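Peer 1: So you can see what is in the structure, the chains are spelled out below.
There are 2 protein chains.
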Amino acid sequence: MITFYDFASTVPGKTVNPNTWKTRYSLNYKQLPYKTEWVEYTEEIERVCKKMGIPPTTKRPDGSDVYTLPAIYDDSTKTGVADSLLIAAYLDKTYPDTPKLFPDGTEALQTAFNDAFMSKFGSSWLLLVPVILKVLLPSNVDFFVRARSAALGKPLLDILPVGEEREVQWKNLKAALSTVDMWYQKNGGGPFIMGDTPSFADFIVGGFLSIVKAAGHNIPEWKELLEGDNGRWKKLGEELEKYERVV
Amino acid sequence: MITFYDFASTVPGKTVNPNTWKTRYSLNYKQLPYKTEWVEYTEEIERVCKKMGIPPTTKRPDGSDVYTLPAIYDDSTKTGVADSLLIAAYLDKTYPDTPKLFPDGTEALQTAFNDAFMSKFGSSWLLLVPVILKVLLPSNVDFFVRARSAALGKPLLDILPVGEEREVQWKNLKAALSTVDMWYQKNGGGPFIMGDTPSFADFIVGGFLSIVKAAGHNIPEWKELLEGDNGRWKKLGEELEKYERVV
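In order, the protein sequence lines correspond to chains A and B. Numbers 1 to 247, taken from the UniProt record's numbering, label the letters of the first sequence in order. Numbers 1 to 247, taken from the UniProt record's numbering, label the letters of the second sequence in order.
It is worth saying that the hints were derived from the structure and are not from the lab. Since the model is a prediction, treat every value here as computed from it, not as a measurement. It is possible that some hints are incorrect.
Intra- or inter-copy, both count: the list cannot distinguish identical chains.
Pairs of lysine-lysine residues, derived as DSBU-like cross-links and limited to a Cα-Cα distance of at most 30 Å, are as follows [stated by the list, open to error]:
| hint | residue 1 | residue 2 |
| --- | --- | --- |
| 1 | K186 | K35 |
| 2 | K100 | K171 |
| 3 | K51 | K186 |
| 4 | K93 | K223 |
| 5 | K134 | K186 |
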């Protein structure tokens, strides 16, 4: 049995973290049996990972380890893995008879896609922060803000875009998503990046859409974003629903 | 018979343009019969494209059309295509029995790779300008500088990095290439991005390497770049040589 470590949130039985969603999509798509353990966005992340022998994913400037979710622990191989891309590679390798997250020969291209997708957004990702703060457990907000500020080297809440700057970032965000739409236009008409079959890149986009969908429920501009690009994202979001089971 | 429009240069029988190389690699890899027509980097580009009914690839801020190479004209279908990605898609579609530039389902991922690769370099591409100026026909330099300056909205020669700024850009360039190396590390050990078989993404990298190789002949820092990343680029460059025939 695989244990999947995801962030607890105010949304009942559900997280709204773009990165852990990539792993939930992966596990569901492969139809692997697993159970979720909900971890608070606090020192709890490091404690759980260390306890399970899950390695850190990066280092702070001072050389100390940073532990992050998503992470999994696979009982059957006694292996702990963190980072959604590494988890996907582990699952494809360990369970070769399940549907592939990286169809033949595409792991490197999908890794480049991940980089391309994330960097397209630049500092527009700051627009997501208010949405994220709303779904975090109130007691986790302080840790989240401190962790992100440390990574940025400046206080997160001071650099959230407002006024004209916010307008500019919205334009950037829409333009970035339209560029991703242009990539998808080369998929031969299927809803997924490789056509009719999902692959990890779709789950990267799906992780982002999970926030957009959550925000779109009551914020018109997010709803508009979701409905842009000729319905590409709304349709993709719907297609991904069958892999959204929370267990 | 396909006519391939490439830039004339001071290198005998050879161009050193990263974009037209992508198309030469494509044509050679597919083993399609073609002949090269050498076009000067001047108003000649627009004249040739218009004459052959090859569409423009972009627009200037004032709304006027911009014509670019690479371009092809295919006699057998009476079709003109410009832009290396569009040419690759055209060739895969028109000649389905030749090796695929976009193996099944990967056209969108490869398009994202193109974007990821190009944007990784940021303004470090300015380091390539002195190398490019050297291989351009002397009579074409003025047009090249004017065209690039117009696209940039500032005088190209005034913004070439020097001194400390140049050091920074070199670091950026090396870091960018190392990121691309990290993507390639996910290719299962083959020299190409999808493993043992080349695809269009490798020809994108190959186009860039063509400049690095040309510069590396007599500039040590370029030679060093080519030999970095544990020999990844030197090896890839060698593997690509079999698709470098100039006809």
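Peer 1: So, for every hint listed, does it hold in this structure?
Peer 2: Status of each hint after checking the structure:
Taking the shortest alpha-carbon separations for K186 and K35, only the inter-copy value of 28 Å comes in at or below 30 Å, while the best intra-copy value is 36 Å. In this assembly of identical chains, the alpha carbons of K100 and K171 never lie at most 30 Å apart, being 35 Å within a copy and 37 Å across copies at closest. Taking the shortest alpha-carbon separations for K51 and K186, only the inter-copy value of 29 Å comes in at or below 30 Å, while the best intra-copy value is 44 Å. For a Cα distance limit of 30 Å, the shortest separation of K93 from K223 qualifies neither inside one copy, at 38 Å, nor across copies, at 37 Å.
In this homomeric assembly, K134 and K186 never come within 30 Å of each other (Cα to Cα): the closest approach is 36 Å inside a single copy and 37 Å across copies.
Hint check: violations occur at hints 2, 4 and 5; the rest are consistent with the structure.
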